[in-house]
Amino acid sequence: MSELSRRSILKAGVIGVASTAAAAHAAQSSKPAAKRGAANTFDVIVLGAGIAGAVTAVQARMDGASVALIEKMDRPAGNAICALGGFCAWGSRHQKALGVKDSAEEFYAAMMDISAGRADPALTRTYTENIPADTDWLESEFKIPFGKPRTAAYPRLNRVCSINGEGITGGANATFKVLKACEERGVQFFWEHKAIELLTNDRGDVIGVRTQTPAGKKDFFARGGVCIATGGFSANQEMTDRYIGGWASRLALRGSPYTTGENISLCMPLFAKFVNMDQFHTGPIVSETHVNPNEILNSYHGIIIDLHGKRFVDESSTYVIKSLECAKKTLENRAWVIVDSKCHTLPKVTKRFARLNTKFHKADTIEALAEAIKVPAGKLAALVKEYNDRLAAKTLPEMNPPCTYRDPHPLANGPFYAFPYEGGMTATFGGPLINTKAEVQNMEGRSIRGLYAAGNAAGGLFFRNYIGGAQFGGATVFGRIAGHEMAARAKKA
Amino acid sequence: MRKFVSIALTAALSAAFAMSAAAADKTLGERHGGMWPKSAKGFVTKNQCLKCHGSYDALAKQTASLAPNPHKSHMGAVNCEECHSASAAKPTLMCNSCHKFEVRKAAQ
Chain A
532 MSELSRRSIL KAGVIGVAST AAAAHAAQSS KPAAKRGAAN TFDVIVLGAG IAGAVTAVQA
592 RMDGASVALI EKMDRPAGNA ICALGGFCAW GSRHQKALGV KDSAEEFYAA MMDISAGRAD
652 PALTRTYTEN IPADTDWLES EFKIPFGKPR TAAYPRLNRV CSINGEGITG GANATFKVLK
712 ACEERGVQFF WEHKAIELLT NDRGDVIGVR TQTPAGKKDF FARGGVCIAT GGFSANQEMT
772 DRYIGGWASR LALRGSPYTT GENISLCMPL FAKFVNMDQF HTGPIVSETH VNPNEILNSY
832 HGIIIDLHGK RFVDESSTYV IKSLECAKKT LENRAWVIVD SKCHTLPKVT KRFARLNTKF
892 HKADTIEALA EAIKVPAGKL AALVKEYNDR LAAKTLPEMN PPCTYRDPHP LANGPFYAFP
952 YEGGMTATFG GPLINTKAEV QNMEGRSIRG LYAAGNAAGG LFFRNYIGGA QFGGATVFGR
1012 IAGHEMAARA KKA
Chain B
40 MRKFVSIALT AALSAAFAMS AAAADKTLGE RHGGMWPKSA KGFVTKNQCL KCHGSYDALA
100 KQTASLAPNP HKSHMGAVNC EECHSASAAK PTLMCNSCHK FEVRKAAQ
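Chain order of the listed sequences is A and B. Residue 923 in this note's numbering sits at position 392 of the first sequence; the count goes up by one each step and never skips. Residue 144 in this note's numbering sits at position 105 of the second sequence; the count goes up by one each step and never skips.
FYI, nobody ran anything at the bench for these hints, they're computed from the structure.
Derived contacts from chain A toward chain B, CB cut-off under 8 angstroms, selection only:
1. P607
2. G698
3. E723
4. P745
5. A746
6. T820
7. L887
No experiment lies behind these values; they were computed from the predicted model shown. Positions of the beta carbon are idealized from the N, C-alpha and C atoms, including for glycine.
Whole structure, please, built from the sequences with the hints as guidance.
Below is the structure:
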């Protein structure tokens, strides 16, 4: 209390709010939206009710903090609930029980490799060290059901744990369970409260957040800190255009239409250090029905053609590259995956397409299939013949573009199938850089006191690509850390 | 008392769905009389609806015979008015802002 003279309290109250109001992105307000009192002061404030926000909030609560979870929508509406349920981990109880062998060094190396060495090494190390226990924590504490882990598209080891959706998506199932635990343990929820401005004191510490509600503006204050868990900016076309390019802003959204970059807007006035702003994850989608056709791309069967019957990508690439190339190399951002009846993922894919009422084509001959998908029959037949001939002669890599399947399969056993896909925007990787304590960093390399970020809102962990399920894993690891750190900071306040 | 009202209303609603075509033409607003919820200060109205219509879990059980089940999805507790409008007789599936579902009876 010795630091807080009457003069400095007055200064903090007036100038702290006024200085943030003067910043370019801040909302204009002539008076504070609420006085600081018991009803709007908490140990910890979390922004966003996705998996990162839910984990942060419940961890802080479990550490004894009073927690406000503030969400702009009336329900969880970000990317987490759209996620099928992959969770990237090693060394967890359920993986060991299934005989999966892995190591910290191999896992760390794989995460660094998939980012072409550009992921933040310290954050990647933190992920690696914490994910075994954090996976077990989700399982034991919240009864999140893990099924059989599956091989990642890269590097094809059993690191993609599979959260059982139990009738809904795995991501939604996990998020709802953790949110329910938040509710049961006394986290206070504020739905339809959109964070529009971070509140700071005279020293530049983040002390709270201003929100916009249907009934008016409302301020909240935090002793320990504010954690931004609002996701990335995949659904904000102005931002994806600005940071990545116009073509990226026109990709079909694979997830939420509400992940609109509050991680950027809120942190920009505080001179946070933003990293990897042009990086994002692409995947396949059928925008008409939002079915996810990844399993047909991950089958490594068949050939991929554009709407005019021309190949444009090495089919041995990951589904990320196949999606990106579809968006960049085809005029329409649309393609067909042509497979035959020997494709082992057919039962899963056809079932998923049927459940989401999505059309695909099946025909006894390549010519009949070509007619169904409106591609010149002779052209497709010639292409399939070239593929089969080169497969037999072991000259597939000499095709244009090369086809470098490690284990190629002939396209010869009818019936034949054509599944549509488009390149879609999954999630952005850019955001305010965090350190291993989930503290947001400023441009001078220091932590902005009182400001934390977790999940896709935070920058630094991902670059170029990620192992399937690592976004969920990252949200869990850094959400727990943020929750711990803020609860501890509140105790010292 | 509230539970009794909820059960009575649920029973009445079930009976209402089985009624004649003439009754089915009435809008939801008309069928609710003066009881269609008004938004309090601009916030969503679902909590008011649920005071009579039970919980989302209960609604999911009520529509369990439908595929997809409009009350059990990855969208969670969707605000009722996103599908149910006072000025319409039948709901419009909000899921179809992204998907293209045709709600049918689930296969037994």
